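**Q** Line by line, the protein sequences are chains U and G.
For what it's worth, numbering that gives the first Met the number 0 labels the leading residue of the first sequence as 0, then goes sequentially.
For what it's worth, numbering that gives the first Met the number 0 labels the leading residue of the second sequence as 0, then goes sequentially.
Hints listed in this document are in silico derivations from the structure and should not be mistaken for laboratory results.
What you are looking at is a predicted structure, and each value in this text was computed from that prediction instead of being measured.
C-beta atoms are modelled at their ideal positions from N, C-alpha and C, and glycine is treated no differently.
Treat the hints loosely; a few may be bogus.
For lysine-lysine, the following DSBU-like pairs were computed, each having C-alpha atoms within a straight-line distance of at most 35 Å [unchecked claim]:
1) U:Lys-7 - G:Lys-136
2) U:Lys-239 - U:Lys-249
3) G:Lys-191 - U:Lys-394
4) U:Lys-7 - G:Lys-86
5) U:Lys-17 - G:Lys-136
6) U:Lys-7 - U:Lys-17
If you want the footprint, here are the derived chain G segments under chain U, 3+ residues with CB under 8 Å [what the hints assert, rightly or not]:
7) 81-87
8) 97-110
9) 178-191
Examples of chain U residues toward chain G, derived with CB under 10 Å [unchecked claim]:
10) Asp-1
11) Leu-3
12) Thr-15
13) Ser-194
14) Ile-317
15) Ala-320
16) Ile-321
17) Arg-324
18) Pro-400
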Amino acid sequence: MDFLQTLKIALRALRTNKMRSFLTMLGIIIGIAAVIAMMAVGSGASYVISQQIASIGSNIILVIPGSTTSGGLRMGSGGSHTLTADDARAIMSECPSVSRASGTTRTTSQVVYGNMNWSTLIMGAAPELFDIREWPVVSGRSIGQQDVDGAAKVCLLGQTVADNLFGGDDPIGKIVRIKKIPFTVIGVLERKGQSPQGTDQDDAIFVPLRTAQVKLSRSSFPNSVGAVIVQAKSESLLDKAEEEINSLLKQRHRITNGREPDFSTRNLSEILAVAEQSSKAMSLLLGVVASISLIVGGIGIMNIMLVSVTERTREIGIRMAIGARRNDILWQFMTEAVLLTMLGGLIGIVLGTASATVVSNTLDWPTLISVRSILVAFFFSGAVGVFFGFYPARKAAGLNPIDALRYE
Amino acid sequence: MSDVISLTDIRRVFIMGDQQFEALKGVSFSVIAGEFVAIMGASGSGKSTCMNLLGCLDRPTSGSYLLDGLDVGGMDTNQLADIRNRKLGFVFQGFNLLSRTPAVENVELPLVYAGLHSRERRVKALAALEQVGLTGKEFNHSSQLSGGQQQRVAIARALVNNPAVILADEPTGNLDSATTAEIMTLFSNLNKQGITIIMVTHEHDVAEYAGRRITFKDGQIIADSRG
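Chain G on its own, in the form it takes in the complex:
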């Protein structure tokens, strides 16, 4: 199987005034297509910085990042926006849906920026909502949905573009344990269908759903276990 993600000696240095802070101190790992990876670590361990880099929202100070075979390091902001649009799907802790907007239009949003026509968008968005089990709620506004349902809409939005990787940042952080189980089961099922998922979490029982766990501490990987 080919590497979807390949990080080599990634460093990220933040400069605040005359102080330097090295959030990532030479991180290297790769993710194979179809893997379900949990990134763990305490706050300040560098896992969020790593997630931002993986999500092409930030650029490393040094090191190389290949996403689906493409070198992301040298890309400008427009190219990065297109990469985020085509190769990545985001699921956030706070759902981050557009309020006062029907679920189906939230799901369509990535396709809008991809330049698809409205009919094509609608077909794909409805299919994605069906995939996450939200048939019947397509035209509800996010405020009319429960937390779990909102997160399903967010997952559908991440899925709709057929991304190479889904990046989930604490996707169950705002959910109760029953809903957490539901959402994690959904992720597992999607992974079984062949979708690559990378998830940041600090909860061990949530990380158990993943087939591989990478643990960060002080800007470095201290553990990488499978099974």
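Bound conformation, chain U alone:
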């Protein structure tokens, strides 16, 4: 018997009991829709996290000053002024696993252009920072070494600042005032988007590190930096680079063994890897829940197929009497079960895609529906049919034709 004929018989059988077929499929429909929607939401979350990781730059180690205690008053982490721009240069030149390093300072200030003003983050940075963070300018030029050495009064604008101060105008060459000091805008940075912490990274102005230290800081430690951002040569060298930085700075800061260092290092990629891991764990969890509903749906299919075999015992007997082989009967019921689950799977895919789109539109949550997840869902639904259809089909094929014909 050819496949087309088997398919036709199965379709006819499903059509005869439309309502029952639909209710049987419902378990699979919900299961597959759940799998698709969950995977879409989960991979949307992973996508956001990986975007944020990319926005920070790869293989980053953050060095921040440690706490200090003066007169019984303990300052929090980053409270000391022990980290300097020279430390940053030393890290870059003396640690073999480090490719780049940049000291940074940060302060918040009102920035004025003409009759516009905007409060934003002012960051002092060495030219290396923009390489580390893979953050090019879209117009003008970036900060160069000569700007840092000469403490030039130039600045780079983040997109948000450029939009707020200049609107549609070209800011290059214009003068903005930061803490009443005029700065020439030399470039506008590419849009970066949100940081993993949810702050707008484009809401910032960058000035040469030396300028920030000398012209903008009122600190009594003009050479200190707020943090040093270090990039390791590769991901595998991250741990080694961290060790090298630790021993170099201990040496430079004359910290003997056993004493608490006046700085600390943080591996940013590690923090983000943890975030990514947790999002993966979440989507795995969602996937497991969805799979359970698929299995429950499969059991529903098996149940109904068993009822159907019993109901159609006589039909099976007739078919056997007029020449159906056992395999013909087996395939007929298998086809019916697989058809049920695959139809359910198709409806589920449509429903899951639709609900993922609704979620992403209403909750403003990015969802990613991959062709792979659709294919996996489709074939998984087929596999559920094969798995749960086999037992009832074998039962049908194993019937004795004489008994089946006599069945009332």
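Given chain U, work out where chain G should sit, using these hints.
**A** Okay, now just chain G, sitting in the frame of chain U:
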């Protein structure tokens, strides 16, 4: 004329728990091509067991069964299914048509399992329905047909494969006397066209249509008469 069916010392023993029941105790007879045989007997006489064996739905415990020259005894279930499909046509008391299925598709069913293409199936099925006088009812579902018409569809289904033998098990058991006469006339006419028919019945007037009557009692043949 050659033997279409040849049974030699057929025994069929059923084992239920530790009890044995011998339904057929050494039955031998042959049927020549073109014969119309009625198998008679009270219930429990072994006629249904014999019919199941003849229909290749069951296998004898011992003895040999040649159907159209083929030894059926040693065949596996798939071979038996093919034999049923090619050599035999079944007509049942309860018609046994597929419900919610047009008459013509019911008739096509044996051809489906024989692996014929749909166009060929349709031509043969329509011809068989014409042969049993159901022109015009080809696409009616069985629920839309009367008992007599349903049995005609069943006969067409039995005919469609050009079987060596048509086996009819109480074919008029569910029909009134007028329809019984119609169906039996149809069988007689088919027999006159050269089709071999074996029919189980317990009604003597129905058995009168057959040219030969074999009577069973307690698992054995007690009478075999012609004319």
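**Q** Each hint should be assessed against the structure and marked as holding or not.
**A** Now for the hints, and whether the structure bears them out:
| no. | hint | verdict |
| --- | --- | --- |
| 1 | U:Lys-7 - G:Lys-136 | holds, 22 Å |
| 2 | U:Lys-239 - U:Lys-249 | holds, 15 Å |
| 3 | G:Lys-191 - U:Lys-394 | violated, 43 Å |
| 4 | U:Lys-7 - G:Lys-86 | holds, 26 Å |
| 5 | U:Lys-17 - G:Lys-136 | holds, 26 Å |
| 6 | U:Lys-7 - U:Lys-17 | holds, 15 Å |
| 7 | 81-87 | holds (count 4) |
| 8 | 97-110 | holds (count 5) |
| 9 | 178-191 | violated (count 0) |
| 10 | Asp-1 | holds, 7 Å |
| 11 | Leu-3 | holds, 9 Å |
| 12 | Thr-15 | holds, 6 Å |
| 13 | Ser-194 | violated, 65 Å |
| 14 | Ile-317 | holds, 5 Å |
| 15 | Ala-320 | holds, 5 Å |
| 16 | Ile-321 | holds, 5 Å |
| 17 | Arg-324 | holds, 4 Å |
| 18 | Pro-400 | holds, 5 Å |
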